[in-house]
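There are 2 protein chains.
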Amino acid sequence: MESFTLHLLTKIIFGRGAEERVGEEVKKYSEKVLLHYGGGSIKKSGLYDRVVKSLREAGVEFVELGGVVPNPRLGLVRKGIDICRKGGIDFILAVGGGSVIDSAKAIASGVMYDGDVWDFFEKRGTVNVEKALPIGTILTISAAGSEMSPNMVITNEENGRKLSAGKHDSTRPVFSMLNPELTMTLPKFQIACGAVDMFAHIVERYFTNTENVSVTDEMCEGIFRAIIKNAIKAVTDPKDYEAMADLMWAGTIAHNGILGTGREEDWSSHYIEHELSAIYDIAHGAGLAAIVPAWMKYVYKQDVKRFAQYARNVFHIIEQDVEKAANRGIEETEKFFKSLGLETTLEGLKIGDEDFKKMSQLAVKSNTIGNFVKLKSEDIEKIYRLALK
Amino acid sequence: MESFTLHLLTKIIFGRGAEERVGEEVKKYSEKVLLHYGGGSIKKSGLYDRVVKSLREAGVEFVELGGVVPNPRLGLVRKGIDICRKGGIDFILAVGGGSVIDSAKAIASGVMYDGDVWDFFEKRGTVNVEKALPIGTILTISAAGSEMSPNMVITNEENGRKLSAGKHDSTRPVFSMLNPELTMTLPKFQIACGAVDMFAHIVERYFTNTENVSVTDEMCEGIFRAIIKNAIKAVTDPKDYEAMADLMWAGTIAHNGILGTGREEDWSSHYIEHELSAIYDIAHGAGLAAIVPAWMKYVYKQDVKRFAQYARNVFHIIEQDVEKAANRGIEETEKFFKSLGLETTLEGLKIGDEDFKKMSQLAVKSNTIGNFVKLKSEDIEKIYRLALK
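Protein chains in written order, with my numbering: chain A, 1 to 389; chain B, 1 to 389.
Just chain A, same shape as in the assembly (with noise of 0.2 Å):
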């Protein structure tokens, strides 16, 4: 096991009605704050008036700052930083989706840097977060699991990269409410989307090259089975409670940073999805179900034997052979996506090879990603195409 400093420190309030103790938890930290959301959503269900209701009657004022799209966009990353300025704001309510929450951590470590907040994105690892406004999350999807996480992802419109940052615990929200209820109305696509991308935060964690991890490899495995009994539950009937209540809980805690901790990670796969969702704007888990296979088809040599323990553990497939063993616990992978009612190739998502090469080029940024196996552009290139069909 590696060293590892591990900080989660975001109070998570879960089950029915738990949104409605957001104004007491709100003013704790801040009697003025800024309310970031999406499209309409929220007002239709009603979410956006019972929020209104508990910041009014804890008397904590707010601007609102709506709009936000799926790979969400700098620009209004900018403009929520200027209000914020401008209105002498120093928290950041997020309700929505993983979209809605990244672009409130950008706006909260933004609100406290000099220089423009796309340095963060494009220069990572020369200048980094280090400070930001509180943030409070109102969770209507389970999937990206930014509601415990530092991580977030924002899309640059101008150029159109779509890049990630944030390994600073100031970017996780000191709050998160996560009430199942609210995922109930959601479209199965939505559902099935999110299943897959916190299915691959798990992936990317549980592909190491880290020895004896026993006690994070059995977590890992343990949600894995989790995810694929309630997300099948879950695409079958949205108003399963039970099984939306486990799904939720699960994202969360595949993508907190416990499951990968004394590991080393790869996250080669958000990276070459990450080029995909940029350019094609699909949903991100939309990109994952035709990527992830194909990366493991790709690199699982680099370790049979931890491909075959995943094909047993995972999906109880019992077969001697590791190699046999390897490659069906792929097939498995993909045979789950399937189930969910996704497409697991490219050409299903109506995307040809023909920015495969520009893609590749932008995925690897300096280098090579990753960390299972070190991938350059050229690797890169033959997983969008092991992924094509």
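There could be a bad hint or two in this list.
Treat identical chains as interchangeable: a pair holds within one or across any two.
[Claimed, not checked] Straight-line alpha carbon distances no greater than 30 Å define the calculated DSSO-like cross-link-like pairs of lysine-lysine that follow:
hint	residue 1	residue 2
1	K338	K357
2	K358	K188
3	K11	K324
4	K305	K239
5	K389	K233
6	K382	K43
7	K365	K44
8	K27	K131
9	K27	K324
10	K79	K53
11	K131	K11
12	K233	K382
Just so you know, these hints were derived from the structure itself, not from any lab.
Got chain A sorted already, so can you dock chain B onto it with the hints?
Below, chain B without anything else, positioned relative to chain A:
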């Protein structure tokens, strides 16, 4: 799944040399601390010198209070409260195992309370901890999980009562430093007792009547397996850093609350054991090794299927008949404790039946204990009797 609130606010610093950062971490909270520890072992090992050096380099003043014993005493807690009040101390640094950390929590909360600190224990439910001085820990024994939990157990030497308190997040340490190397010089008996204690912390959460808890079931079963695997390695060779590291991290996760999220917890075995170690001053883990199997035998009929699931998923028992499977799981639990070199009967611990009635009455406190099965004093007496030989 039930609704829950979880605030894992403790920053974990894990790995070789972790304790060398103690001055720097303490300095964020305080410039004058109580350095709280047990006997001479931290002086013999050189840990005391390293801690003192780090505090001095950071310019942190400290007052010392050593002498914490296993089953930590109320008298020393009261003395610590007095020292803090008179000395203007506003931070408690605990260097040791669960006893030292629990003693530190009692001091930290007692300082902030107008009445007598024993109220938190004797009048639990009526008088509750609401605030506490911040606590930091350097852990030297993997066992109690007190390094990330709010709970504490104190023994009142005036009346022989051993009681628990603390459900408030203010008694969760603000940081805990976990260096597995510090545990590599422990006697095998202590390592074994620690492993049983952490195993029992999961038993208390795993056996529940709450349904649809697959995420936490999976995590509980995974950490059970990881404890079994690594505890056996650890008692075989305490110099096995990797086993000691996995065991240390498992012990923290077992009791920080994440494994109990959304589930009703039980805690009977702990209450029943506390009466034993209050009278006989045995190690808590040694008592649990006899009590947990006896408790299981007494209650398993409440949910034979859950016990069969436990047997299958924790001990890999393949057995169609659920009754037989459940019993095999209990047998395997006992075998595991024995394989660590521990006694699993009270007779083996040289404890007879003379105090059973008294302990049974004291254990129930007001009415009943436990949630999986609510136990009255007559039930508890039967459990002591089942544990006898």
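Right, here's what the structure says about each hint:
no.: 1; hint: K338 x K357; in the structure: within (27 Å within a copy, 61 Å between copies)
no.: 2; hint: K358 x K188; in the structure: neither (32 Å within a copy, 59 Å between copies)
no.: 3; hint: K11 x K324; in the structure: neither (44 Å within a copy, 42 Å between copies)
no.: 4; hint: K305 x K239; in the structure: between (39 Å within a copy, 27 Å between copies)
no.: 5; hint: K389 x K233; in the structure: within (28 Å within a copy, 47 Å between copies)
no.: 6; hint: K382 x K43; in the structure: neither (44 Å within a copy, 59 Å between copies)
no.: 7; hint: K365 x K44; in the structure: neither (41 Å within a copy, 51 Å between copies)
no.: 8; hint: K27 x K131; in the structure: both (20 Å within a copy, 19 Å between copies)
no.: 9; hint: K27 x K324; in the structure: neither (57 Å within a copy, 55 Å between copies)
no.: 10; hint: K79 x K53; in the structure: within (25 Å within a copy, 49 Å between copies)
no.: 11; hint: K131 x K11; in the structure: both (19 Å within a copy, 17 Å between copies)
no.: 12; hint: K233 x K382; in the structure: neither (34 Å within a copy, 43 Å between copies)
In this structure, the hints that do not hold are numbers 2, 3, 6, 7, 9, 12, in rising order.
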